[in-house]
Amino acid sequence: MLEYVAGSLPVEPLVLTVKDEVGNPRNLSMYTGAAVLITGPDGVLRNGGTVAISNATDGQVTFTWPNTVLFDVPGDYRLRLKLTKGTAADYTAPQRIVVVPRLEG
Numbered sequence: 146m147l148e149y150v151a152g153s154l155p156v157e158p159l160v161l162t163v164k165d166e167v168g169n170p171r172n173l174s175m176y177t178g179a180a181v182l183i184t185g186p187d188g189v190l191r192n193g194g195t196v197a198i199s200n201a202t203d204g205q206v207t208f209t210w211p212n213t214v215l216f217d218v219p220g221d222y223r224l225r226l227k228l229t230k231g232t233a234a235d236y237t238a239p240q241r242i243v244v245v246p247r248l249e250g
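The opening position of the sequence shown corresponds to residue 146 in our numbering, with each subsequent residue numbered one higher.
Check before you lean on any hint, since a few could be wrong.
What the hints assert, rightly or not - Estimated spans, in silico, between C-beta atoms of each pair: (1) 178 x 246: 19 to 27 Å; (2) 246 x 199: 26 to 34 Å; (3) 197 x 233: 17 to 25 Å.
The hints are simulated quantities; they were obtained by calculation from the structure and are not laboratory data.
Every value quoted in this text rests on a predicted model; they were computed, and no experiment measured them.
No residue lacks a Cβ here, since even glycine has one placed at the ideal position from N, Cα and C.
Work out the full structure, taking the sequences as your base and the hints as a guide.
Right, here's the structure in full:
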């Protein structure tokens, strides 16, 4: 589970490791692209940022955050990777993101 603050603009890229059904990193060499899909508590897809398969053999994908707020309200968000090759796509299981209220003004 990840946790962020509502209204924040994360700076550090998020490195995600895609794992197989027994918890080992999946080899992503067969894929040519990736996208991050984030839905908010309202079920609406939040867009932005860039994604790259940064270490295919170790199953790593790096997401660079956009300059816009993705976490606009507190609540439970879901992050899912879409891994692509041509017109075909595989999706990872969703990962929960908890967005907490901002403590300062």
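Outcome of the hint check:
no.	hint	verdict
1	178 x 246: 19 to 27 Å	35 Å, violated
2	246 x 199: 26 to 34 Å	32 Å, holds
3	197 x 233: 17 to 25 Å	19 Å, holds
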